[in-house]
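Q: Read off the chains here:
Protein chains: 2
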Amino acid sequence: MRSRKFAPSNRLEIIGIDGLPEIREGNDLTRLFLEAVEAKKLKLEDGDAIVFTSKVIAKSEDRVVDLSGVRVSGEAERIAKETEKDPRIVQLVLDEAKAVVRLMKNHVIVETKHGFVCANAGVDESNVEEGRAVLLPKDPQKSARLLKREIEERSGKAISVLISDSFGRAFRDGVMGICIGVSGIPALVDRRGEEDRFGKIAQITKEAIADEICAAVNLVMGEFREGVPIAIVRGLKLERCESDIQELLFSKEEDLFR
Amino acid sequence: MRSRKFAPSNRLEIIGIDGLPEIREGNDLTRLFLEAVEAKKLKLEDGDAIVFTSKVIAKSEDRVVDLSGVRVSGEAERIAKETEKDPRIVQLVLDEAKAVVRLMKNHVIVETKHGFVCANAGVDESNVEEGRAVLLPKDPQKSARLLKREIEERSGKAISVLISDSFGRAFRDGVMGICIGVSGIPALVDRRGEEDRFGKIAQITKEAIADEICAAVNLVMGEFREGVPIAIVRGLKLERCESDIQELLFSKEEDLFR
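For the record, the sequence lines run as chains S and Y.
The opening residue of the first sequence carries number 1 in this note's numbering; numbering runs sequentially from there.
The opening residue of the second sequence carries number 1001 in this note's numbering; numbering runs sequentially from there.
Careful: at least some of the hints might be erroneous.
[Claimed, not checked] With a straight-line Cα cutoff of 27 Å, these simulated DSSO-like cross-link-like pairs (lysine-lysine) come out: (1) S:LYS81 / Y:LYS1252; (2) S:LYS206 / Y:LYS1200; (3) Y:LYS1041 / S:LYS138; (4) S:LYS206 / Y:LYS1237; (5) Y:LYS1237 / Y:LYS1142; (6) S:LYS85 / Y:LYS1252; (7) S:LYS200 / Y:LYS1081; (8) S:LYS252 / Y:LYS1081; (9) Y:LYS1043 / S:LYS206; (10) S:LYS252 / Y:LYS1040; (11) Y:LYS1142 / S:LYS252; (12) Y:LYS1206 / Y:LYS1113; (13) Y:LYS1200 / S:LYS81; (14) S:LYS237 / Y:LYS1043; (15) S:LYS81 / Y:LYS1138; (16) S:LYS252 / Y:LYS1085; (17) S:LYS105 / S:LYS81; (18) S:LYS138 / S:LYS252; (19) Y:LYS1206 / S:LYS105; (20) Y:LYS1237 / S:LYS41; (21) Y:LYS1085 / S:LYS206; (22) Y:LYS1237 / Y:LYS1040; (23) S:LYS40 / Y:LYS1138; (24) Y:LYS1040 / Y:LYS1081; (25) S:LYS113 / Y:LYS1206.
Treat the hints as calculated values from the structure; they're not laboratory data.
Model the full structure from these sequences, guided by the hints.
A: Structure follows, in structure tokens:
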């Protein structure tokens, strides 16, 4: 048995924050979040990572669309037929998209204007009134930065903010929590140059830490019911820095699967 | 503000288990794990999900290969040149593969015999002695089942076992924890038929819960140093059942990106 020099045992806590009202345009999410934390007799701590679902961000930013007002183009009609989807939803997806990546029954896989490759551009009819749909936040990276700054100012704690959504993947069934905006910690941890336990130098490993955090909180949020729109991850030992979700995205040229 | 009926606030704890010796073929992982838990003055609880990295499983099953003994085929030589990789590693990758999916510099993306689409068939030279490489476990689904049964028998607790690895993804940079074997909980939670908070019925959402759990534990394991080869996730509220990692895998015909 060889001697080992590795980090001591590590504990992480994930705390779901529920009890928020239905979010409407213009709501002060920072205040609602801090009130919900207090109502649970919790206190924020330095280093907490706070994850908001994209849906509460989108609702607070009025990214909710009334389907009856959507004007459907010929292209949307055609794709709607091919995919057996609601033409109004397809129109919203196309409006949010930079490029169509793949089409299949019930799915339009696109690259969104933000650069995310996902089904239906994240346009979602669940957890909103009948006849309406929620888009992804317009600029979730900016939303994350603003929320981080506001929460830090009002709480006095050094925290990070992530915005999560649930995306399907290539190769594997099922959706998974994924990050669409991050502020205060790295999006990607680059481990190149670190030594392994045999003293060899890592060559290529980068870890998508922001996506792992958003996947982790899905375990307390549940994907569908949206009863827990915010979660705190406590115990992460990450450097504090500004990063950008763009660091996680392959361009089309780098991407083997587009 | 409408009335809401959703699950109460939820807390999850992730506990990294370190302090295990370097694992060798034939080691009794169940005993080493239970001793490490006891050394930390922890007690297993009913409902705990226990995640093992694939590497400790592979090492205990003698899936470590001495590169000097690898005989390189013409095909491996050719792919090694194209990808600028060690021909002996390429040979191991081909031996583990059912099909080559994509080739690029330093990467051979394959479908493994298990059905996992990943870089280099999971063959890894980190955290093993110089001149050796670790393969994925031969049948990680079976390994998960065996470990679950043994841990339950010896601890008297109703637990689940998952085996994790770190895979790259399409569309996004960085690796992420992912599940390659699961026993005792669902691999995939099917939410079709559940109501959202507006009483509408979910149509299509399936959540890759086993992958989310393995992504979450990567936050305490670290991807590279392998100081924390096992982690306990405590507080999950999942039905107890037998499942199979195959439920998470798209066949080539279902997969839009192969």
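Q: Evaluate each hint against the coordinates.
A: Consistency of the hints with the structure:
A distance of roughly 25 Å separates the Cα atoms of LYS81 (chain S) and LYS1252 (chain Y); the hinted pair therefore holds under the 27 Å criterion. The hinted pair formed by LYS206 (chain S) and LYS1200 (chain Y) fails the criterion: a straight-line CA distance of about 40 Å is larger than 27 Å. Distance hint between LYS1041 (chain Y) and LYS138 (chain S) is unfulfilled; the C-alpha atoms sit about 48 Å from each other, more than 27 Å. Between LYS206 (chain S) and LYS1237 (chain Y), the direct Cα distance comes to roughly 31 Å. Violation of the 27 Å bound is thereby established for this hinted pair.
Only pairs whose Cα atoms come within 27 Å are accepted, and LYS1237 (chain Y) paired with LYS1142 (chain Y) is accepted, the gap being roughly 24 Å. Taken as a hint, the LYS85 (chain S) and LYS1252 (chain Y) pair is honoured in the structure, with Cα atoms around 24 Å apart against an allowance of 27 Å. Between LYS200 (chain S) and LYS1081 (chain Y), the direct Cα distance comes to roughly 24 Å. Compliance with the 27 Å bound is thereby established for this hinted pair. The straight-line distance between the Cα atoms of LYS252 (chain S) and LYS1081 (chain Y) is roughly 25 Å, inside the 27 Å bound, and the hint therefore holds.
Restraint check for LYS1043 (chain Y) and LYS206 (chain S): not satisfied, since their Cα atoms lie roughly 34 Å apart, outside the 27 Å limit. Note on LYS252 (chain S) and LYS1040 (chain Y): the hinted pairing is violated, with a Cα-Cα distance of about 47 Å set against a maximum of 27 Å. Between LYS1142 (chain Y) and LYS252 (chain S), the direct Cα distance comes to roughly 38 Å. Violation of the 27 Å bound is thereby established for this hinted pair. Proposed proximity of LYS1206 (chain Y) and LYS1113 (chain Y) is supported: the alpha carbons are some 25 Å apart, at most 27 Å.
Using a Cα cut-off of 27 Å, the hinted pair LYS1200 (chain Y) and LYS81 (chain S) holds, with the two alpha carbons roughly 24 Å apart. Under the criterion of a C-alpha separation no larger than 27 Å, the hint pairing LYS237 (chain S) with LYS1043 (chain Y) is consistent with the structure, at around 25 Å. With a C-alpha separation of about 45 Å, the suggested pairing of LYS81 (chain S) with LYS1138 (chain Y) is violated against the 27 Å cut-off. Taken as a hint, the LYS252 (chain S) and LYS1085 (chain Y) pair is honoured in the structure, with Cα atoms around 24 Å apart against an allowance of 27 Å.
Under the criterion of a C-alpha separation no larger than 27 Å, the hint pairing LYS105 (chain S) with LYS81 (chain S) is consistent with the structure, at around 9 Å. Distance hint between LYS138 (chain S) and LYS252 (chain S) is fulfilled; the C-alpha atoms sit about 21 Å from each other, no more than 27 Å. About 16 Å separates the Cα atoms of LYS1206 (chain Y) and LYS105 (chain S), which keeps this hinted pair within 27 Å; it holds. Only pairs whose Cα atoms come within 27 Å are accepted, and LYS1237 (chain Y) paired with LYS41 (chain S) is accepted, the gap being roughly 23 Å.
Taking the CA atoms of LYS1085 (chain Y) and LYS206 (chain S), the gap is about 19 Å. The hint holds against a cut of 27 Å. Under the criterion of a C-alpha separation no larger than 27 Å, the hint pairing LYS1237 (chain Y) with LYS1040 (chain Y) is consistent with the structure, at around 25 Å. Restraint check for LYS40 (chain S) and LYS1138 (chain Y): not satisfied, since their Cα atoms lie roughly 47 Å apart, outside the 27 Å limit. Distance restraint check for LYS1040 (chain Y) and LYS1081 (chain Y): the Cα-Cα separation of roughly 48 Å exceeds the 27 Å cut-off, and the hinted pair is therefore not satisfied.
Annotation: proposed proximity of LYS113 (chain S) to LYS1206 (chain Y) holds, straight-line Cα distance about 26 Å (limit 27 Å).
The structure fails hints 2, 3, 4, 9, 10, 11, 15, 23, 24 (numbered hints given earlier, in ascending order).
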